[in-house]
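Produce the entire structure from the sequences given, and follow the hints as far as they go.
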Amino acid sequence: MDGTLQIIGAILTLIGSIFLFLGSLGLVRMPDSYNRIQAGTKASTLGTILTLLGIAFINPDWTGKLILLILFVLLTNPISSNVLARAAHYINIPLYKKTVIDKLKKEETIKVNVSEDKINTNSDKKEDKQ
Amino acid sequence: MKIKNHIILFLVLLAVWLLLNSSFEIHILIVGVVVSLIITLIFCRNCNVFSEIKLTPKAFFYAIIYVFVFSAALIKSNFDVARRVVTPSLPINPGIVTVKTKLKSKIGRLILANSITLTPGTLTIDIKDDILYIHWIDVLSTNIDEDTQQIVSRFEKYLEVIYG
Numbered sequence: 793m794d795g796t797l798q799i800i801g802a803i804l805t806l807i808g809s810i811f812l813f814l815g816s817l818g819l820v821r822m823p824d825s826y827n828r829i830q831a832g833t834k835a836s837t838l839g840t841i842l843t844l845l846g847i848a849f850i851n852p853d854w855t856g857k858l859i860l861l862i863l864f865v866l867l868t869n870p871i872s873s874n875v876l877a878r879a880a881h882y883i884n885i886p887l888y889k890k891t892v893i894d895k896l897k898k899e900e901t902i903k904v905n906v907s908e909d910k911i912n913t914n915s916d917k918k919e920d921k922q
Numbered sequence: 019m020k021i022k023n024h025i026i027l028f029l030v031l032l033a034v035w036l037l038l039n040s041s042f043e044i045h046i047l048i049v050g051v052v053v054s055l056i057i058t059l060i061f062c063r064n065c066n067v068f069s070e071i072k073l074t075p076k077a078f079f080y081a082i083i084y085v086f087v088f089s090a091a092l093i094k095s096n097f098d099v100a101r102r103v104v105t106p107s108l109p110i111n112p113g114i115v116t117v118k119t120k121l122k123s124k125i126g127r128l129i130l131a132n133s134i135t136l137t138p139g140t141l142t143i144d145i146k147d148d149i150l151y152i153h154w155i156d157v158l159s160t161n162i163d164e165d166t167q168q169i170v171s172r173f174e175k176y177l178e179v180i181y182g
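Chains as they are written, first to last, in this note's numbering: chain H, 793 to 922; chain L, 19 to 182.
Please keep in mind that the hints were generated in silico from the structure rather than gathered at the bench.
Certain hints may be false.
DEER-style ranges, computed between Cβ atoms [to be verified]: (1) L:30 / H:810: 32 to 38 Å; (2) L:79 / H:867: 21 to 27 Å; (3) H:799 / L:79: 24 to 30 Å; (4) H:795 / L:36: 38 to 44 Å.
Just a few of them, taken from the derived set where beta-carbon distance is under 7 Å, the chain H residues facing chain L [claimed, not checked]: (5) 813; (6) 875; (7) 877; (8) 879.
Just so you know, even glycine gets a beta-carbon here, dropped at the ideal spot from N, CA and C.
Here is the structure:
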């Protein structure tokens, strides 16, 4: 009986790590930050959840704590990716050249100008140092 | 109405305590109840996060269905990402689109934005009033109504019942 539980746990952990691997492959292959965040968030969420579930099968005493961890990952992972994407958009990190549409850009023109000034001054300073 | 916030916070704290200890022995239970009660009474004088949750049987039933809908979407989105990453030609067609939500409560919108981020090909970037800005990895249309139909409506019908 113990053996089957351990095998199920091992398989779940293996699937989880495959998803984590695909997520990191996505980080390398995707062309711009937003698509990278997309690949990273989704794969890492399910990968972590499956890995933790696998551990719960292997070591049933930890189930309560692992459930808490899963809930924590589910709640915080999307928020952190949302904040990263929002910050990236506000400081004008360019979108992929094949991007179809950017509806957020139109409403940010004033802020965009401000941040462009800041970026210019920063690059000027760097040139001075050099 | 304020007592509802207290009760929900108390139950959440107690559940976290019991899960951390993984045992229902009487002395652990007593410590958990006392500490949760103290924390609730001290820190929940004017919290209103939970006041929009409806505690009807229907809402409870829909919450359980929502967990399954969400899990299915999460698994589907992972296979979607995996397929895009593994395909050599990298089949993406990204863009930022807007969708409209009917949800009024703050926590309902938070859950909706989180769910959108974890579902196939979509990532919430910003929210202004009832407009959500979403980075979509494979843009099918740029019309706001069609996008709303595609992305939001499958979660909204459950969240509407739970949070109003």
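Tested hints:
1. A beta carbon spacing of about 34 Å between residue 30 (chain L) and residue 810 (chain H) agrees with the range 32 to 38 Å that was offered as a hint.
2. The beta-carbon spacing between residue 79 (chain L) and residue 867 (chain H), approximately 22 Å, falls within the hinted interval of 21 to 27 Å.
3. Restraint check, residue 799 (chain H) to residue 79 (chain L): a C-beta distance of roughly 35 Å breaks the suggested window 24 to 30 Å.
4. A hinted range of 38 to 44 Å is violated for the C-beta pair residue 795 (chain H) and residue 36 (chain L), which are about 30 Å apart.
5. Hint status for residue 813 (chain H): violated, given a least beta-carbon distance of 10 Å to chain L, over 7 Å.
6. Given hint, residue 875 (chain H) at the interface with chain L, is violated; its Cβ is 10 Å from that chain's nearest Cβ, farther than 7 Å.
7. Interface hint status for residue 877 (chain H): upheld, as the beta-carbon distance to the closest one in chain L is roughly 5 Å, under 7 Å.
8. Look at residue 879 (chain H): its Cβ only gets to about 10 Å from chain L, farther than 7 Å, so that hint breaks.
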